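**Student:** Residue strings, one per chain:
Protein chains: 2
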Amino acid sequence: MRAVVLHSHGGPEVLTIEEVADPVPGPDEVLVQVAATAVNRADLLQRMGLYPDPRKAQPEIPGLEFAGTVAGVGARVTMWRPGDRVMGIEAGGGYAERIAVHERQLLAVPAGIDVVDAAAIPEVFLTAWDALVVQGGLTSGRWALVHAGASGVGTAAIQIAKAIGARVAVTCSAGKADLCRALGADVVLLRSPHAWLDDARVAVPAGFDTILDVIGGDEVDRNLQAVAQRGTIVQVGLMGGGSTKVNVGLLLTKRAHWVGTTLRTRPLEEKVAVTRRFAAEILPLFDTGRLRPVIDRRYSLSEVADAHRLMETNANAGKILLVM
Amino acid sequence: MRAVVLHSHGGPEVLTIEEVADPVPGPDEVLVQVAATAVNRADLLQRMGLYPDPRKAQPEIPGLEFAGTVAGVGARVTMWRPGDRVMGIEAGGGYAERIAVHERQLLAVPAGIDVVDAAAIPEVFLTAWDALVVQGGLTSGRWALVHAGASGVGTAAIQIAKAIGARVAVTCSAGKADLCRALGADVVLLRSPHAWLDDARVAVPAGFDTILDVIGGDEVDRNLQAVAQRGTIVQVGLMGGGSTKVNVGLLLTKRAHWVGTTLRTRPLEEKVAVTRRFAAEILPLFDTGRLRPVIDRRYSLSEVADAHRLMETNANAGKILLVM
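These protein sequences, in sequence, are chains G and X. Going by the working numbering, the first residue of the first sequence is number 45, and it counts up by one from there. Going by the working numbering, the first residue of the second sequence is number 45, and it counts up by one from there.
Hints listed in this document are in silico derivations from the structure and should not be mistaken for laboratory results. Please read these numbers as outputs of a predicted model, since none were measured by experiment. Careful, some of the hints might be misleading.
The list makes no distinction among identical chains, and a pair is therefore deemed to hold if it is satisfied within one copy or across any two copies.
Unchecked claim - 35 Å max Cα-Cα, derived DSBU-like pairs, lysine-lysine:
#	residue 1	residue 2
1	Lys298	Lys100
2	Lys206	Lys100
3	Lys298	Lys206
4	Lys289	Lys100
Model the full structure from these sequences, guided by the hints.
**Tutor:** Pasting the structure below:
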């Protein structure tokens with residue numbers, strides 16, 4: 045099969061496409077013929093050598109998600125049959141024509157969604173839902189703050205917050221405000237030159253019950269100021285840097301929670317548990333049209349370097365797909 | 045009744061004893077004839093004007109806990125009768141001969157424990173249990189790290205961790221190591237001149253599932269290094285300072301939780317809930333002798349200034365009581 049293989053780490057030029065052996069599914073695994081994968085921030089870090097595949101799989105094929113059709117099943121597989129449309133997350137190996145995944149880690153592609161477009165769903169909707177709802181305790185009526193509202197995770201988070209009856213504010217740059225509003229954001233806080241914290245205090249004086257932060261850096265201190273009494277800050281990424289000065293007193297007096305989370309490093313039992321709960325709670329909202337993947341651009345696999353370059357400019361709004 | 049009243053804030057000399065009106069219990073409240081109260085760090089902060097009573101009660105009487113006998117009950121009280129031995133926490137008013145408290149916030153004094161000594165139980169055992177178990181998820185088999193192991197909260201935390209089948213390491217100064225070991229600490233990490241973090245890595249290589257920290261300051265960074273994958277740091281105090289540089293990357297890669305907590309500011313429904321659960325899960329362990337209050341010294345109420353001075357030296361091991 046064709047796959048993107050990393051023989052060294054560095055700029056987008058290290059992403060080389062070559063023929064590698066097909067994965068062989070184990071007895072509980074499904075072999076998926078991948079229709080499309082998508083680019084994630086973590087892929088850029090992995091390419092630069094900063095975020096290795098925790099499975100240490102060789103050859104090193106990046107790619108944290110995929111959508112496609114079932115090409116084969118292991119002897120004990122009961123949930124899927126060849127031809128079924130499936131999607132899912134994995135710790136790596138998504139940038140390839142085929143991938144083998146435990147059957148309980150797979151999700152059915154929602155009926156109304158093209159199998160290629162479905163590759164824009166798993167990573168960001170699982171991440172946003174897990175961060176907001178599972179880790180962050182967001183419910184109807186409560187207020188969420190989502191940083192980078194026009195990012196893949198951001199566009200998923202806005203939709204999920206609204207779908208469950210919560211209220212949501214986002215931070216974003218001016219050019220992306222309209223997209224965030226169109227997706228349902230109740231409050232759009234411009235990141236620059238405005239001080240979003242001041243605007244947030246006017247819009248949501250009691251503070252945010254759940255903050256989804258992919259940025260870190262200077263936002264950390266502002267998050268602690270913006271979080272509500274007994275609120276939760278869910279740290280999903282650190283695009284803005286990881287080492288920062290913190291006023292721990294705010295954590296104490298607000299009785300706040302600050303939670304670090306990643307999907308990639310979770311063991312099988314946790315990935316399966318979160319996937320099955322997502323299938324029950326969130327997947328039906330794609331069938332009803334309440335949720336939809338937000339796609340910025342579709343590249344062919346051979347254009348993978350250009351796809352990485354686009355994400356590095358932060359110009360995208362929504363997901364960048366790689367079509368096989 | 046006699047009470048310690050704060051007319052101004054400052055050193056121990058502002059603690060003045062005078063006659064004030066008895067509290068009048070509401071229909072759901074119990075009037076307690078206080079046998080003893082105890083000194084807490086928060087009392088020192090309140091005396092200095094740094095930690096006001098959230099109820100803004102006047103006259104300003106400090107004191108977060110008490111033990112005594114029921115002197116009277118409101119019209120709707122069903123749980124207690126005059127003469128019952130009770131103890132509990134309140135947001136203030138403990139440094140007085142009588143206090144009125146909601147009946148569901150009271151705990152029975154365990155059978156084998158003197159009513160004066162019982163004043164050493166509520167604040168530190170509730171705080172330690174809530175931090176370790178309720179907030180921190182400590183269970184049998186897991187490892188706790190308790191900073192300031194010989195403090196009131198520390199001595200309670202060691203006993204609770206052992207009583208539920210967990211393993212516990214403490215940090216303390218050399219002179220208090222024997223007390224911590226006698227209470228059941230599996231590992232004693234000397235705070236100085238040793239670097240406790242290095243010793244902790246040798247003793248508990250996988251890190252601590254739950255860290256109870258009353259110190260903050262420089263310990264914050266070390267806590268993030270010492271916490272286990274998916275572990276929880278419970279921040280109960282900030283004796284060492286609140287503003288500090290933090291490596292948020294560790295929170296993320298460990299998928300750790302960092303929780304700020306206080307008992308004092310909780311609304312009635314939360315105080316009642318935690319008190320009733322404590323009554324079910326922890327109070328029976330005093331009856332069996334598995335848990336016991338650790339008392340450093342008993343002062344009379346008129347010696348309240350000396351009691352504060354003792355705590356300010358950090359020389360105490362266990363609780364400092366004020367006997368009416």
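**Student:** Take the hints in turn and mark each one as holding or not.
**Tutor:** Outcome of the hint check:
1. In the homo-oligomer, the alpha carbons of Lys298 and Lys100 lie at most 35 Å apart only across protomers (18 Å), although the nearest pairing inside one protomer, at 41 Å, exceeds that limit.
2. Taking the closest pair of Cα atoms, Lys206 and Lys100 never come within 35 Å of each other, the shortest separation being 38 Å inside a single copy and 39 Å across copies.
3. Proximity of Lys298 and Lys206 under a CA criterion of 35 Å is satisfied in both settings, with 25 Å inside one chain copy and 30 Å between copies.
4. Taking the closest pair of Cα atoms, Lys289 and Lys100 come within 35 Å of each other both inside a single copy (34 Å) and across two copies (32 Å).
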